[in-house]
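Q: Given the structure of chain A, go ahead and fit chain B onto it with the hints provided.
Protein chains: 2
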Amino acid sequence: MKELKKISVIGMGLLGASISLAALRAFPSVLVCGFSHRKQTRQKARRLQVAGEIAESLEECVRDADVIIFATPIRTFPVLFGQIRPFVKHSCVITDVGSTKLMAHRWAREIFNSNIAYVGSHPIAGSEKRGVDFARDDLLAGANCILTKTPSTRLSALRLLKKFWGRLGCRVLVMTPQRHDRIFGHISHLPHIAAAALVNANSADILPFAGKGFLDTSRVASGPANIWTDILLTNPRNCIQGIDRLIAELKKIRTAISQQDERKIEFLLEKARTKREKMIAAKLKQKELF
Amino acid sequence: MKELKKISVIGMGLLGASISLAALRAFPSVLVCGFSHRKQTRQKARRLQVAGEIAESLEECVRDADVIIFATPIRTFPVLFGQIRPFVKHSCVITDVGSTKLMAHRWAREIFNSNIAYVGSHPIAGSEKRGVDFARDDLLAGANCILTKTPSTRLSALRLLKKFWGRLGCRVLVMTPQRHDRIFGHISHLPHIAAAALVNANSADILPFAGKGFLDTSRVASGPANIWTDILLTNPRNCIQGIDRLIAELKKIRTAISQQDERKIEFLLEKARTKREKMIAAKLKQKELF
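Residue numbers (the numbering used here), protein chains in the order written: chain A, 1 to 290; chain B, 1001 to 1290.
If we strip away everything but chain A, and leave its shape as in the complex, we get (with noise of 0.2 Å):
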C-alpha cells in the first residue's frame, strides 16, 4: 500500500463519508479527498473533517487518484464514471460501495473498456441513520466486504483492493457479480420488498395494534424509497425471481390452512424454525453475532 498518495472518495452520504474518515485514520499518509455535488454537504464535509480535502468539483476531487471509491446511488454511475473518464490515470482503480454489482461491472466495462481497472465492493455496513453528520470511522470495523471480480479484472486490483478494505477493519469475500446479485437478491433485496408489500397490505386502522413481531418483520421497510429503487431496478432478475419463489411459498401455506391440513402447516413452519435457528447457530459460531 505504500504506492498509494491519493484515495478519491465520491458522495459524502453515512457510507462514503464514514469510509473516508476510516481512511483517513488507516492511511495517516495518504490524501483522502472526498467530494458531493451538494455544496451544502461539501460544507458540512469540511466542517466535520471527515476528509483531508473536500474538491469543489469531481475533476479536481479524482485528479491524480490511486484508488477512486463510488458511494453514490448505484443509477449515477454511468453518468459519473463518463465525467471521471477524461481525467483518470491509468494506473487507478476505481470501485463502488453500490448493493447491487452487475450492473457497476456492465458501466464500467462499457465505459472505460480495459484502461482502468475496476472492481466492485460491498462492504456490508449501514445504519438507519443518514448523511454526512452521523458518519463513524468505525461503521465498517468487523463488517464483511464482498468484492466482486470478472475473468477481465486486473489481479492488481483486486489485491489493492483487499488491503484497503482489511486495512479499515472488513473481512473480505471475493466473488463474481452475478453470484453477488444472486445472493443478495434473496437474502437482502427480497426481504425489503416483502416487508414493503407487508406494510402495504395492512389498513391503516389495523396498523396501531402492530406489536415487536410486526415492528421486526416491516423494519426494513423504513429504509430510504430512492436507494432500495435504485437497487430494485438494477437486479430485476433476482427479485422476480425471488418474488415468485416467495409466493410460491405463501401459496403453500394457503392451501395447507385452507385444507385445515394440520400436518402440512406445521410441516412448512417447523422447517422455517429448524433453518433459520441452524442459521443462528452458524452466525454465533462464526462470531458474527454475540
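Just to be clear, a hint being listed does not mean it is correct.
Said to hold, decoys possible - If we take Cβ atoms under 8 Å as the criterion, some of the chain A residues that face chain B in the derived model are: (1) Arg219; (2) Gly242; (3) Glu270.
To be verified - Not the full set, but computed from the structure, chain B residues with beta-carbon under 8 Å of chain A: (4) Glu1249; (5) Arg1254; (6) Ser1258.
None of these hints come from the bench; they were simulated from the model.
Heads up, the beta-carbon is just placed ideally off N, CA and C, and yes, glycines get one too.
A: Chain B alone, transformed into the frame defined by chain A:
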C-alpha cells in the same frame, strides 16, 4: 374484586405461570391454583412457587374457582371445557389467553351454553423463552390485553376480567372476537406466515450471508411451530385473506420491477416507508415505544 376467593390457571407454560405469579402478587388474599397435565411441570411449578397451590387434577383445580384462566394451546379448549363443565360453579367466570378468539367463543357457547360466563382474553405479552422456568410476575406489566365479547356476554364477567387484568398491569381494550381475529390475522399471524415463507424461499447456500435485515424480517419464524399451527388453524379466513393481500402487493412490486417502472417502484416503497413511520410516530406518542 372482594368476592374473589379462588383463581385457577390451567396450563403452566411461560404465560400461564407468569399470570399465576402476577395474580399471586396482585391478590394476596385469594387462592391462586395452577394445573398442568404434565407431572414434571406440576413439580417444577410447585418448586418455583408460581402459584399458591398446584392441583393434582383438573377437577381439583377448577372446583370452587371464581375465575378460571386457560393458558393451554387453543385447540385443547373443546376437550378441556367439556372436562371441567361438571365441576364449575354457576357464578364462575371463564377466560383463556389464546391468540385467536372466534373459535374459543364458539366452543364456549356450544359447551357451556349460557350457564357459565365466558369472556375471551388476549394479553399481548410473551417472550422467545418458553416454559415455567422463565415465568415472571412482571411479564404482563404495561401490556395491552384485549377482551372479546359477543351480544350474549355476561357484563358482570366482563367487568370482573377488566379489573383482573388491570390489577396485573395491563391496559384493557374490549372488542368483538370477529374484529380481534381480523386485526391479529393481519398484524400478527400474517407476518409470521410471511417470515416462515421468506425463510423457506431461501436455499441453504444463501442463508449464511444473512445480515441484520434478514434476521429481523424473519425473527418471528423462530416461534414454536405447534403453537403457531394452532393459531393459523383457528383463524383460517383472516390468514387466507391476509396472504392474498400480501401476494397482491408482491405482484404490484414484481410488475413495476419487470417493467423497470422507476416511479411505480419508488411510489410503492415510499408508501410503505411513510405508513410505517406514521405508525411508529403514533406509538411513540402513546408511549408504546421508547
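Q: So, as I understand it, the hint says B:Arg1254 touches chain A; can you test that by seeing if any CB pair is closer than 8 Å?
A: holds (5 Å)
Q: Classify the hint on A:Arg219 as holds or violated, based on whether any CB of chain B lies nearer than 8 Å to its CB.
A: holds (5 Å)
Q: Please check whether A:Glu270 passes as an interface residue: C-beta within 8 Å of a C-beta belonging to chain B.
A: holds (4 Å)
Q: Given a cut of 8 Å on the nearest C-beta pair, is the interface hint for B:Glu1249 held or broken against chain A?
A: Interface hint status for B:Glu1249: holds (4 Å vs cutoff 8 Å).
Q: Would the hint on A:Gly242 be counted as holding, given a Cβ-Cβ threshold of 8 Å to chain B?
A: It holds, given that the least Cβ distance between A:Gly242 and chain B is near 7 Å, below 8 Å.
Q: Less than 8 Å between beta-carbons is the criterion; does B:Ser1258 satisfy it with respect to chain A?
A: holds (6 Å)
The structure fails none of the hints (numbered hints given earlier).
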